[in-house]
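*Asks:* Here is what each chain is made of, one letter per residue.
There are 2 protein chains.
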Amino acid sequence: MQIEFLGTGAGSPSKQRNVSSLALKLLEERKAIWLFDVGEATQHQILRTTIRPRKIEKIFITHLHGDHIFGLPGLLSSRSFQGGDEPLTIYGPKGIKEYVQVALRVSESRLSYPLKFVELTDDGEIFRDATFTVSAKRLDHKIACFGYRIEEHDHPGELQVEKLQALGVPAGPVYGQLKAGQTVTLPDGRTLDGHDFIGAPQKGRIVTILGDTRKTKAALTLAAHADVLVHESTFAKNEARLAHNYYHSTSAQAAQVAKQAQVGQLLLNHISARYVGKAATQLAYQVREIFPATRVVKDFEEIDIPLK
Amino acid sequence: MQIEFLGTGAGSPSKQRNVSSLALKLLEERKAIWLFDVGEATQHQILRTTIRPRKIEKIFITHLHGDHIFGLPGLLSSRSFQGGDEPLTIYGPKGIKEYVQVALRVSESRLSYPLKFVELTDDGEIFRDATFTVSAKRLDHKIACFGYRIEEHDHPGELQVEKLQALGVPAGPVYGQLKAGQTVTLPDGRTLDGHDFIGAPQKGRIVTILGDTRKTKAALTLAAHADVLVHESTFAKNEARLAHNYYHSTSAQAAQVAKQAQVGQLLLNHISARYVGKAATQLAYQVREIFPATRVVKDFEEIDIPLK
Ligand SMILES: [Zn+2]
Ligand SMILES: [Zn+2]
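Top line first, the protein sequences correspond to chains A and B.
The opening residue of the first sequence carries number 1 in UniProt numbering; numbering runs sequentially from there.
The opening residue of the second sequence carries number 1 in UniProt numbering; numbering runs sequentially from there.
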């Protein structure tokens, strides 16, 4: 599991940073890529990575501001042009469906794959399968905006084969029963409880990806104990007033959320073009007294999220 | 007057060529830039040029395929963000207004300037002022597609001041009357015809910019005696069958149009990603026996169009 940042800027593209998009790479976990926001030229950024558009299984849109959605019709068309045929689901605030459908209809684009929309109106779980659960919660932006919490389910413990062999239990169907946690009586009369032969489960990872927002309680719930929190930092530490007026956060506010939610790592994105070079890196240094594991990410930066 | 190519590829962006857009730079003529088509990431390409979005006065869309329009909402938003306040007019086939308006409404983008739409349904003149006339004609593409002919009006001849001075005619209001072509009686009784004192007018330039099309008669009318013809060349010389099936042209068909229309120069764009490097340059070499002044253009190439 990795996050690859495709656009880490705010508002308009600059030479340094494209507008918002990031890829949550779940290639080992589910042979798939999930995108979060698709600003204009996201498909152009993807051309410079190893990501194959046909692998994109889900797209989560935080909100409908142009710098978060204007790359969507082009990406969807190119995925089709490149022969993608697997279904794709787009999650996002009400309006995302109309926007995409009008763009595809007017341009007479016919997609080679089924496209599904899940428009969000309330907080709650929006997806669950055998390995992942995703929930969304409304943030505090000028326009409806959702943050996403992606929870990998715990990996069940492995069967401790060496321990069974040491006890002279021969391999066979009994191994499967023990692994399933059943109690088994062996031909020689011994009774074994599967739970005694299963290692500790491995905790699933939690990734929280927020959209544009003022500091808000919902962010804490979404980010609680996350391995990684991706949080906007449109403004610097001392610009709380500006941040409030424009419905955004400062780097300090992001760090406070990270601290209170006890996350593992805080990644700052949605960096305004007014912070270039060192001034951008400073956004993180300035708040390490609040939350040490903070960094400002760049376009094309890839962050690995290992199992603990 | 120059043409700067912003995207010369077909269908999807590649590392070599972005999707369609070009700028007709009329900075000397009217302190303005006219864009033709706005594929995705046109605003990103513009970041790498000297073009200032606020100078864009008119946008002409040939047709609504995604590779020609998906950059429009982003460009319009950024022009506003950068403080553009001059009106902007968009010309294009029916549907362009709905597409742009839905994108701006859904993203809650409020523009800082008046935006006007002229939706084209018939062939004919679509703009005329003191210095330029633009006419449009329907081409033969799968979707409604227009080609544009931009005619600069002739520059009237200069008043031949030396000739008047040699005749001892003193400077004064009479110079203006003569320049306007009037017949004037001087205080000393002499009668002068303004036409005798005005140099030859300078021919205005003609630029023809076609959208995607099969070979069609309309192209000839639009291109007649143009200084520059910009013509798509999605397919190579020998691919007439493919070109027909996909509603496109070969480089040979473009060259035939250039020859018959007796244009000054043929610029081939809308180059498929299957032709890279030498294979792309070849598209022009292969047809120079039909029309010698042919070249394949690249992204960021600028072509000067001098007065004759
Ligand atoms: Zn926003
Ligand atoms: Zn087309």
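No lab work stands behind these hints: they were computed from the structure.
Keep in mind that the hints are not guaranteed to be accurate.
All copies of an identical chain are treated as equivalent in the list; a pair is satisfied when it fits inside any one copy or across any two copies.
Below are the DMTMM-like pairs computed for lysine to aspartate or glutamate, each with C-alpha atoms no more than 25 Å apart in a straight line [said to hold, decoys possible]:
| # | residue 1 | residue 2 |
| --- | --- | --- |
| 1 | Lys237 | Glu162 |
| 2 | Lys15 | Asp85 |
| 3 | Lys142 | Asp85 |
| 4 | Lys215 | Asp129 |
| 5 | Lys179 | Glu125 |
| 6 | Lys308 | Glu151 |
| 7 | Lys15 | Glu301 |
| 8 | Lys142 | Glu108 |
| 9 | Lys97 | Asp227 |
| 10 | Lys278 | Glu29 |
| 11 | Lys215 | Glu108 |
| 12 | Lys237 | Glu119 |
| 13 | Lys163 | Glu28 |
| 14 | Lys217 | Asp299 |
| 15 | Lys15 | Glu158 |
| 16 | Lys97 | Glu108 |
| 17 | Lys55 | Asp299 |
*Asks:* Work down the list of hints and note, for each, if the structure agrees.
*Replies:* Going down the list of hints, with the structure as the test:
1. In this homomeric assembly, lysine 237 and glutamate 162 never come within 25 Å of each other (Cα to Cα): the closest approach is 54 Å inside a single copy and 70 Å across copies.
2. Taking the shortest Cα distances, lysine 15 and aspartate 85 sit within 25 Å of each other only across copies (24 Å), while inside one copy they are farther apart (34 Å).
3. Taking CA atoms no more than 25 Å apart as the test, lysine 142 paired with aspartate 85 passes between copies only; the shortest distance there is 24 Å, against 36 Å inside one copy.
4. In this assembly of identical chains, the alpha carbons of lysine 215 and aspartate 129 never lie at most 25 Å apart, being 31 Å within a copy and 53 Å across copies at closest.
5. For a Cα distance limit of 25 Å, the shortest separation of lysine 179 from glutamate 125 qualifies neither inside one copy, at 29 Å, nor across copies, at 79 Å.
6. In this assembly of identical chains, lysine 308 and glutamate 151 lie within 25 Å of each other by CA distance solely inside one copy; the values are 14 Å within and 69 Å between copies.
7. For the homomeric pair lysine 15 and glutamate 301, the shortest alpha-carbon distances inside one copy (16 Å) and between copies (19 Å) are both at most 25 Å.
8. Taking identical chains as interchangeable, the C-alpha atoms of lysine 142 and glutamate 108 lie at most 25 Å apart only when they sit on different chains, with a minimum of 10 Å there against 32 Å within one chain.
9. Proximity of lysine 97 and aspartate 227 under a CA criterion of 25 Å is satisfied in neither setting, with 31 Å inside one chain copy and 45 Å between copies.
10. In this assembly of identical chains, lysine 278 and glutamate 29 lie within 25 Å of each other by CA distance neither inside one copy nor across copies; the values are 36 Å within and 42 Å between.
11. Taking the closest pair of Cα atoms, lysine 215 and glutamate 108 come within 25 Å of each other only across two copies (22 Å); inside a single copy the shortest separation is 41 Å, beyond that limit.
12. Within a single copy, lysine 237 and glutamate 119 get their C-alpha atoms no closer than 34 Å, and across copies no closer than 48 Å, so neither meets the 25 Å cut-off.
13. Proximity of lysine 163 and glutamate 28 under a CA criterion of 25 Å is satisfied in neither setting, with 29 Å inside one chain copy and 86 Å between copies.
14. Within a single copy, lysine 217 and aspartate 299 get their C-alpha atoms no closer than 28 Å, and across copies no closer than 48 Å, so neither meets the 25 Å cut-off.
15. With identical chains, the CA atoms of lysine 15 and glutamate 158 are never at most 25 Å apart, being 49 Å at best within one copy and 46 Å at best between copies.
16. In this homomeric assembly, lysine 97 and glutamate 108 come within 25 Å of each other (Cα to Cα) both inside a single copy, at 16 Å, and across copies, at 15 Å.
17. In this homomeric assembly, lysine 55 and aspartate 299 come within 25 Å of each other (Cα to Cα) only inside a single copy, at 20 Å, whereas the closest approach across copies is 29 Å.
The structure shown violates the earlier hints numbered 1, 4, 5, 9, 10, 12, 13, 14 and 15.
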